[in-house]
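Chemist: Residue numbers (the numbering used here), protein chains in the order written: chain E, 1 to 178; chain Y, 1 to 185.
These are computed hints drawn from the structure, not numbers from a lab. Note that the structure is predicted; figures quoted are calculated from it, not measured. There are no misleading hints in this set.
Pair ranges (Cβ atoms, derived):
| # | chain 1 | residue 1 | chain 2 | residue 2 | range |
| --- | --- | --- | --- | --- | --- |
| 1 | E | Ala-158 | Y | Thr-164 | 54 to 62 Å |
| 2 | E | Lys-93 | Y | Pro-92 | 36 to 44 Å |
| 3 | E | Thr-160 | Y | Thr-75 | 46 to 54 Å |
| 4 | Y | Ile-29 | E | Ile-88 | 53 to 61 Å |
Positions of the beta carbon are idealized from the N, C-alpha and C atoms, including for glycine.
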Amino acid sequence: MLEIDNSKYIDTTELKLFGEVEIENGNTRIKGRNHWVGTGLETLAAFIGTGSGTGVSNPINNWYILLGTNTTTATSVTMSALVNPIPIQPNFKLTAGNYYSGSTNAVTVKYTAVWFPGTVSGTIGEIGLYLTLNGGVYPAGNPGMVSRLSAADTSFTAFTVNMSNALNVVWYINLVYV
Amino acid sequence: MEEYNIEKASVGDFIGIRGTVKIENGEHIAIGRNHWVGQGLENIGSYLIIFGCGQCGASNTWNIYIGSDTSTTTTVGTTSLVSPIGTAPGTPPNSTSTSGIYYSSSTTPVVLTWIATWNAGTVSGTLGEAGLYLQYISALTNGAYATSTTALASRISAADGSFTSFTINTAAALTVTWTVSLVYA
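Same shape as in the complex, but just chain E (with noise of 0.2 Å):
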């Protein structure tokens, strides 16, 4: 995980989010940093500027990461599904958090899921952050793809998975001052 010190200097003007997702399968090991896309920008928006009601759902009521075969497409802005998913959700899934204050401060959520072995195949070429939605054009209550990584962009490199292992994905989400 992501070693953050901004203790020297704190420009507390302006927050950033950016996120990281670890894979794991086998000897197999990835590090790539996340892409956001529109429907990201838009939940944690309508978190800050909403109140109450049908347009504030929280973004872990039903979540899920789903992995995808395509190699060749960048993420866009406008993308709210991976290109190519395989439609197989995680055998597990947990969620945590911590919030650094003192001289670091700085948040991270943490959101895992695990494939056990033999469940999913092929080449593994993106991958999807899916969290339950909020208002805006988008109806509450369902989950969308708020962020991607994926080797089109160059944040890993394909690979085809070892059946044999269990397939571990691990996205890491910071919240730091500039």
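Based on the hints, put chain Y in the right spot on chain E.
Modeler: Quick look at chain Y alone, frame taken from chain E:
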């Protein structure tokens, strides 16, 4: 074992959250950038892992307060205005409103606005700081939340050099417009 593969950052890697504040009082207009405090940081981060909460929007309960301090800079540990005008957390505005321009299929960024107005004669003295108070989710544990309280999320202050303090013209209304933009960076 393969080596870790981290490519350089590019557009879409980051979401930046920026705030600008406009203070209008008669002929006087001040504009400056806000400073986020730790409570604001934690609040937004907490949202990312909550569920089952029907009133967890940060603007479910919110307010803007003003204060007179001109010498204390904002830190990440700042939790309230230093010298609020009126009884802490401050004299509430007479009217408030919000608006938002959300993402559509072809446009970014997202712009959120909170507006607070004090009628003429409601507040007086030196205006050296203002604070945006949002509903506060303080528990960053899996799925936990606690609502119904507001806390300072962001502050603008003369001490930070964000604007020049001024004496409130009590013959005119005072309006604070707090605009937050979420942008790709």
